[in-house]
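> Residue numbers (our numbering), protein chains in the order written: chain B, 1 to 976; chain E, 1 to 244; chain R, 1 to 312.
Treat the hints loosely; a few may be bogus.
What the hints assert, rightly or not - Computed Cβ-Cβ distance ranges for the label pairs, DEER-style: (1) R/P65 with B/D840: 33 to 41 Å; (2) B/S708 with E/K229: 42 to 50 Å; (3) B/S33 with E/R7: 22 to 30 Å; (4) B/P953 with R/P65: 40 to 48 Å; (5) B/N357 with E/K229: 41 to 49 Å; (6) E/K229 with B/R398: 30 to 38 Å; (7) B/S128 with E/N152: 48 to 56 Å.
Derived by calculation from the structure, the hints in this document are not laboratory data. These numbers were taken from a predicted model, which means no experiment stands behind them. We put the beta carbon where it would ideally sit given N, CA and C, even for glycine.
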Amino acid sequence: MSNAAPRGANSAPSQRPLVDSRAPDEGDGVETSPEVSDRIAKTTCYMCACRCGIDVHIKDGKVRYINGNKDHPVNRGVICGKGSAGIMQHYSPARLKKPLLRTGPRGSGEFREIEWDEALNIATERLSAIRRTDPKKLAFFTGRDQSQSLTGWWASKFGTPNFAAHGGFCSVNMAAGGLYTIGGSFWEFGEPDWDNTRYFMLFGVAEDHDSNPIKIGLGKLKARGAKVVSINPCRTGYNAIADDWIGIRPGTDGLFVLALVHELLKAGRVDLDYLLRYTNAPVLVVQESGSAGDGLFVRDADGNLLAWDRAAKQPVNAADPEAKPALTGRYEVGGRRCVPVFQLIADRYLDENHSPNAVAERCGVDAETIRRIAAELAHVAFEQTIELPVAWTDWAGRRHETIKGRPVSMHAMRGISAHSNGFHTCRAIHLLQVLLGTVDVPGGFRFKPPYPRPAPPGPKPAGKTVRPMTPLDGMPLGFVCGPDDLLVDEDGLPTRIDKAYSWEAPLAAHGLMHSVIRNAWAGDPYPIDTLMMYMSNMAWNSSMNTVETIAMLTDKDEAGAYKIPFIIYSDAHYSETVAFADLVLPDTTYLERHDCISLLDRPISHADGPGDAIRHPVLQPDRDVRPFQSVLIELGARLGLPCFVNEDGSAKYRDYADYIVNHERTPGIGPLAGWRGKNGGSIGRGDVNPDQLQRYIDNGGFWHHDFSDDQRYYKMGNRAYLDFAVEMGFIAKAEPIVFQLYSEPMQRFRLAARGHGKVQPPKAERGRIEAYMDPLPFWYAPFEDDTVDLQKYPLHALTQRPMHMYHSWGSQNAWLRQITSQNRLFVHHQTAVGLGLADDDWVWIESINGRVKGQIKLIDGVNPDTVWTWNAIGKRRGSWGLKDDAAESNRGFLLNHIIGDQTAADASGKRYSNSDAVTGQAAWFDVRVRVVKCAADEAGFTEPQFERFRQPPNFEPPPDVLRFGAAFRMKREAAE
Amino acid sequence: MTCLPARTEKKLGLVIDLDTCVGCQACVTACKEWNTGGHMAPLTDINPYGAHVDGVWFNRVHAYEHTTELGGRTVNFPRSCLHCEQPACVTVCPTGASYKRAADGIVLVDEDKCIGCKLCSWACPYGAREFDSDVGVMKKCTLCVDRIYNDNLAEEDRVPACVAACPTSARHFGDLGDPASAISQLVTERGGIALMPELGYKPTNRYLPPRARSERAAKVDAPALEPIKAEGGFLGWIDRMLSN
Amino acid sequence: MHPAFSVVFFTTATGAGYGLLALLGLLGGLGFIPADFWLGLVGMALALGLIVAGLLSSTGHLGRPERAWRAFSQWRSSWLSREGVASVATFIPATLFGIGWVVLDRSGGWVAAAGLVAAAGAMVTVCTTGMIYASLKPIAQWHSRYTLPAYLIFAAMTGSVLANALFQGFKLGSTAVLTWALLVTLAGWGWKLATWRYNDQLEIPTTANTATGLAGGTVRSIEWPHTEENYLLKEMGFRIARKHSAKLRRITQALAFAAPAILLAIAFFLPWPLCAIASAFAAVAQFGGMLVERWLFFAEAKHTVMLYYGRE
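Isolated chain B, as found in the complex (with noise of 0.2 Å):
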């Protein structure tokens, strides 16, 4: 037995090996000691967002196991149902084989194989064109890429500003949400102290995002008996063990937790100390209606904001550490009225609109249960606050003999975000936090690093000017702090394809890749030449729409060619959207490839220290495909993008690797944190390394570095931490960030609207801005419930996702598929009493968009306003590799038939993006729908249905047996 302390999450003295783990002797002759593999891979999971560690197990040139990598700080030695499955994804019969060119009709899946440097020239040969005429008639939008420092630059050195990756269909309201108010977010930005909280609340989680720290995190509250209190519609996964589960009508969480923030204010239970130091509640604001200064902070001749100090009754500066601010009163300074911020937030949210009883039937929560919710939150947070014995220095210099913290932490993500309120709810959210005082303190939602950030942080998004030949002046993705950072022309129309940065979607932090083919469509606001996409199944689960984006994507001109006119795409499998490319790029798999989690793109750091990781190939190819991380590079090559060729026009990197090692983003500051400089000495800023790659390798596939235990809190505060933060170049001074319960920036959207400053809206933007550019987070009902007859369609409609699938990938896994083939639409069994239906009915799920036909299953852990199903099960034939008769494309059923992606048309005419108003976001859980029994010959089988794909050459029919592991123990038994 070994002494060594245990490694991992589950690591209790219950699940470890038995005291004696030799084999005991039975004499029947089994085998307890088999050898498992001959070599081990370290390396990162990609069957997923989460990017866990795992160790990848090699018996005789094929994977024979695959497990968590324990010393790996994302999910420390275990791993999802996804990740056990990797086998079967890298093996699966949708592979691609070899670049492929369209020979017959857009989407119907002829094309015959080419060799990649003719793939590679058709490219160049089309891009270059583009560059030297018109760099924005490139969109290259990414999906689910986890190469954005990459990608975003690649488009940033062709020129063109329609670049961006899934976000603006995921989560960026959670993001964006996060960024403007607290300078970090939820998942890849912060995580709650799943060590010390003892109150922990969930909004809108299913699985996703993320995965098994979520897992790994709930574990441990359960250990402890913390309570998890969750709200969501639907009662699985996360939710089903929550000790609360409170099924909310979907998107009214906002009012919920405005509610929540009514009563804490209404009883005193806000932590007034943690206002005055870390956020801008005392910061004063102007009130001037209808001058050009109103709502804006009250700043003195040097720029710096002014507080009112309630001991010397003047104004002072309020970062002043030894000013006494008001947070409530009248004052005026400079000939101005005005109020602090707090005095706003206590007008705004006292106000019986928000109590308990005024929203108790929206959200379809009792007001009692919310004035219980309210009270627990206060009590843990007030009542049984928490003290580590640790001293620390705050950014003013002030020492601190222990930390002290508030156990309460929250997570929130999808079933927020994807609302057209969500990036609102998301502030409502961050706002209740922080007047808990609960964030980065013991117990609280703690930041990962580079996280927190100024708020909003960083760079603006370039692309103002677009010329031939010419870089834009910066990364297409950015934070616009008011009107004159938009991406729009002197008439205030859309520069972008995506119109992120547009008045309809000021701001669009992760673009809208869900607009991009409608807009291409349309040539709204310009028609575009070639659309290059990765990995993402924008012809299939990944639009809103489906049926009418599929129109689109083989939609003609009168002239007959294509309306979109090239497309690109690269992907590992045989998606629903390789059929509409006009080129094919097939990707490898993850166990193929080299990549890596950097700290410049979505980071995997824990916040007790940064982090970042490695994928390297385990496995060589067995087909004629590449990553396309390194065909970009090459691609960049071939075109002579600056920072891709060097002097003498030859490439500058070789592959994707050679680039991870030595690019460098700016002097010292390259893709990978660790070991850096020549010695492999440094972290964060440093000298390129050249066995910077084996240094990961011999690590395990990742870095992590632990914070010292005085930097691990308060870090919008703390000195030490922020002084390392901008050593390793997070932040570009060593100032407290301020968390911004009062959002300005918004409000220079506002006075924009009101007429005020050099950018302001078109007439027909102004009442939309005025109404959603609210600098206090406020809540609205989502778009479709104000523009749908309730009555005829009385249903909220949502997908989960399953545990075990990430996004469309799963059903080519011929084990994860076993799992879900086909999905239910789950509806309450007092709904379907209501309604007619019993257990089993096929239905028509029908939207103002158009319906769909799937079969019911009753249950009662859901709000019983609210249907849903299990996200992308549905399938069109002939992809992945699936064969005709598989139940995903016969029982299995798509939502997204009925979501649209357009908001009704208002007054004029117009229609918008289906999207949240500030930020774009996709809008998906907004849809409302009216669920019909179908006709006895109806059922069985689901509608709309779709032609079959042809398959690529040489795929070959999927096997009808499967014996993986067989050659396995033949070989051993051989052995013996």
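Once you've looked at the hints, dock chains E and R against the given chain B.
For chains E and R alone, coordinates are given in the frame of chain B:
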């Protein structure tokens, strides 16, 4: 062989925490991937990419709604071999293929002796037996007998694949015959339950029941919030708080 | 339980075969039936033929029939193994008896001894078959005091009705045998009705609550572990509609009990060969009816594992 050992030296088994299981299927596929190349390899899948796909799995997770007068809860329920003390699946076996190990109590199938009569699957009330129609023999959970004693694995990895994978720590492994073992203590502490005890199979595995709405529930005894009644209401209160 | 034809036929055929063998061994060995070469040959061939056909059918049901020989090893614990041993062992006295009674045209003495031992072996074998089912606790409809007697009664019944038809066919029928066949048919009918009534009122203590350990209230399955049917559902998840089941019960009663009883009763009053024809029809109808009965025996049996799948 199919006569049961009078007693086993150990009673190795699993404990599954229904209070914590989120139904993520991690144990399910971890089990599949280990065992499809392990002692009973392969865990054959029939028609893996078509209609009516049907594979061999040693561990399956159900979802239930448990409704009592106190309310409802969704319960995810992993189901695998319980390695019973009185496993009729063993005693009914006509060939000696099924047996219970005297050393550790693990119930195994010797594939070479199995004639595929399926009677063991009829005798098992829990559905732990999985027939592999491709090779015509019965297969089942081995409690990862080729992991828990495996010299080729690091000692810390010598636990069943399902336990190693479980992200929520809902699965536990150990000697349930030793009252002093951590797993036995967990069972005592949390009121672990044997399934279908009335049938007399004496399963070794135990299930820890959900805690919500029980005396073990996580509770916050918070007094109701009282609005500030003092002069000036909430804003007056703030002023006083700040002046202190 | 899935009513696999191989098993339905196996139990029905061997039941009739052993029933017939036992009667022949008993009556032939003790000289109650006159030795007749052709009667003996046909009777023994029919009995052993039914047994062999049944056993072959059951072997065909195996995943690995070539290993069937292994099934003789675990007679200490397994009723199935005991059945295998008993069935094969019974062939020894049966063969000796056949040689003595049919070939050597003898009764009494060692032939009688062989006949009695064969009869005993037949009975023991039928008992072991019955016990295979009666011992299965997960299937309450089988794990009852009705199952073992049912197998014995039905073996005696089908064997007797066959024997009667045989004797009648050889113009050697007797009122005693006819009466016995009729009585045992009525007894079988009664036993079946009692069994059905018992099963219909069965209160099974094992529920979804005890299966999941979730105490009190209702436990409802909302999702299976896999959306498609697996081995357990195919093998143990067979469902029969109440209406369908009622119809098949009526058919069972008509074919296995009512028709044979009537035909046998009529046979009392009919001259040869009409009484032989009626007896033969009775045997054929009963055999057909018993196949339906046995199909229902499986189809109506519910396994506890289906509680996990939300099927009662």
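> Work down the list of hints and note, for each, if the structure agrees.
Going down the list of hints, with the structure as the test:
Judged by the Cβ atoms, the range 33 to 41 Å given for R/P65 and B/D840 holds: they are separated by roughly 38 Å. Evaluation of the 42 to 50 Å hint for B/S708 and E/K229 yields a pass: the beta carbon distance comes to about 46 Å. Between B/S33 and E/R7, the C-beta spacing of about 26 Å keeps the proposed range 22 to 30 Å intact. Here the CB-CB span from B/P953 to R/P65 is close to 44 Å, well matched to the stated 40 to 48 Å.
Between B/N357 and E/K229 the C-beta distance comes to about 19 Å, which lies outside the given range of 41 to 49 Å. Restraint check, E/K229 to B/R398: a C-beta distance of roughly 35 Å satisfies the suggested window 30 to 38 Å. Checked against the given bound of 48 to 56 Å, the beta carbons of B/S128 and E/N152, roughly 55 Å apart, stay inside it.
Going through the hint list in order, the structure does not satisfy hint 5, though it satisfies all others.
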